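Q: Let the hints inform the model, and build the full structure from the sequences given.
Residues per chain are reported as follows:
There are 2 protein chains.
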Amino acid sequence: MSRWEPNARERLQQAALDLFVERGYESTAVAEIAERAGLAKSTFFRHFRDKREVLFGGGELLGELFTTGVAQAPGDATPLAMVGAALEAVQAAFPAERRDWVRQRTAVVQANDELRERELLKAASLVEVLVRALRERGVAEPVARLAAALGYQAFPAALARWTEPGERREFAELARQELARLHAAVAKLG
Amino acid sequence: MSRWEPNARERLQQAALDLFVERGYESTAVAEIAERAGLAKSTFFRHFRDKREVLFGGGELLGELFTTGVAQAPGDATPLAMVGAALEAVQAAFPAERRDWVRQRTAVVQANDELRERELLKAASLVEVLVRALRERGVAEPVARLAAALGYQAFPAALARWTEPGERREFAELARQELARLHAAVAKLG
DNA sequence: GCAGGTGATGGGACAAAGTCCCATCGCCTA
DNA sequence: TAGGCGATGGGACTTTGTCCCATCACCTGC
Numbered sequence: 204m205s206r207w208e209p210n211a212r213e214r215l216q217q218a219a220l221d222l223f224v225e226r227g228y229e230s231t232a233v234a235e236i237a238e239r240a241g242l243a244k245s246t247f248f249r250h251f252r253d254k255r256e257v258l259f260g261g262g263e264l265l266g267e268l269f270t271t272g273v274a275q276a277p278g279d280a281t282p283l284a285m286v287g288a289a290l291e292a293v294q295a296a297f298p299a300e301r302r303d304w305v306r307q308r309t310a311v312v313q314a315n316d317e318l319r320e321r322e323l324l325k326a327a328s329l330v331e332v333l334v335r336a337l338r339e340r341g342v343a344e345p346v347a348r349l350a351a352a353l354g355y356q357a358f359p360a361a362l363a364r365w366t367e368p369g370e371r372r373e374f375a376e377l378a379r380q381e382l383a384r385l386h387a388a389v390a391k392l393g
Numbered sequence: 204m205s206r207w208e209p210n211a212r213e214r215l216q217q218a219a220l221d222l223f224v225e226r227g228y229e230s231t232a233v234a235e236i237a238e239r240a241g242l243a244k245s246t247f248f249r250h251f252r253d254k255r256e257v258l259f260g261g262g263e264l265l266g267e268l269f270t271t272g273v274a275q276a277p278g279d280a281t282p283l284a285m286v287g288a289a290l291e292a293v294q295a296a297f298p299a300e301r302r303d304w305v306r307q308r309t310a311v312v313q314a315n316d317e318l319r320e321r322e323l324l325k326a327a328s329l330v331e332v333l334v335r336a337l338r339e340r341g342v343a344e345p346v347a348r349l350a351a352a353l354g355y356q357a358f359p360a361a362l363a364r365w366t367e368p369g370e371r372r373e374f375a376e377l378a379r380q381e382l383a384r385l386h387a388a389v390a391k392l393g
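In order, the protein sequences belong to chains D and H. First residue of the first sequence: 204, per the numbering used here; consecutive thereafter. First residue of the second sequence: 204, per the numbering used here; consecutive thereafter.
Keep in mind that the hints were calculated from the coordinates and are not lab data. Quick caveat, the model's predicted, so the values are computed rather than measured. Backbone N, C-alpha and C define an ideal beta-carbon position, used for all residues, glycine too. Treat each hint with caution, since some may be false.
[Said to hold, decoys possible] Per the computed footprint, the stretches of chain H lying under chain D, defined by three or more beta-carbons under 8 Å from a beta-carbon of chain D, are:
hint: 1; stretch: 279-290
hint: 2; stretch: 315-323
hint: 3; stretch: 339-348
hint: 4; stretch: 380-392
A: Structure representation (structure tokens):
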């Protein structure tokens, strides 16, 4: 593997996920990831802020999809409908070919507290993006925050179902179901 | 400061908070915290899993208060009312003397992503505690999760108001207000 | 074809976080 | 007074993450 192969970033991400699956996140050193990708440790840290971040590429994409999804919702859409539009838009990030990748990544992240922490931070930042998009559409602060929170409860739930073995439906359909489930639950809060 | 002074753990927590306020979390080494507390670095790690954890003592107490609060809510309480009871119960953890401490700690945590991550992880675990307590009271899963999420939206909001300069009201009163605010917002989700 | 610029990489020195292990110390008890 | 026990000191070690400089491939203008 020569020094100037392309896609250094992608190679690092793949090597990292493979190693994490093989022997776990904690038992894998950054130097080993770099080595498997044919790169040096310092190059790893040039591409990723820290060891965790190698599993969190593409978060900006999700944010953009959320934003455009909300922006393109019908003019008379309720706040919850706007969140629904955001979830439908995010389907673009989850084509069928990525099912296995998402499955592996989720398993690795859920198995380690450090990674769950980072996931929660990313989630919080995405909720903030959603809130901003909703406010842009004229939704008042407490309602926007609440709707965004519902959306981000539906999102991981839908993702979990999407990666269940044998599941063939598209992400958007599952997300719609999860959101409807939450919508129904709202009435029972009291 | 001799070797066998009591309260090593508390001394470490105080030294850490002081140093974090003085020169920031990242610019403070664990060795310095230990030194100010009259202890060795290895002793620090015997009391706290890592550098972050020194700011997160007492999380178990909050969990217990949440649990007993929900358990002691009136028999005919709605899910949201149970969450309200949990928030009232948690007031025991926030007597007036702790306002300054909470203020300082919050400022330090919010100023650093590593600490915000840890805070989010603790929050997630407390939400889980709330969900379990609600299910114990017969609240079905999606509703319980939703109610707990509302509660954990009201909690930091109330805490933020509680630490505002000049604020004299008790935590429970502010929590009630925040929960009512969210309750009103629920109707506008659509 | 050659000189120089540019951007990505290699590699090593370094500080701090975190682990591990053993010696040491003060207290308590038989 | 000897010995046990739990907490601490302290140092060696691994890993993460930072910093800096040399190196390399490629591209451009001459």
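Q: All hints, please: hold or fail.
A: Now for the hints, and whether the structure bears them out:
Counting residues of the stretch 279-290 of chain H whose CB lies closer than 8 Å to any CB of chain D gives 5, which reaches the minimum of 3, so the coverage claim holds. For the stretch 315-323 of chain H, the stated coverage by chain D holds: 5 residues have a C-beta nearer than 8 Å to a C-beta of that chain, and at least 3 were required. By the rule of at least three residues with a Cβ nearer than 8 Å to a Cβ of chain D, the coverage given for the stretch 339-348 of chain H holds, with 4 such residues. A count of 8 residues in the stretch 380-392 of chain H with a Cβ less than 8 Å from any Cβ of chain D is obtained; the coverage claim is therefore met, three being the minimum.
Hint check: no violations occur; every hint is consistent with the structure.
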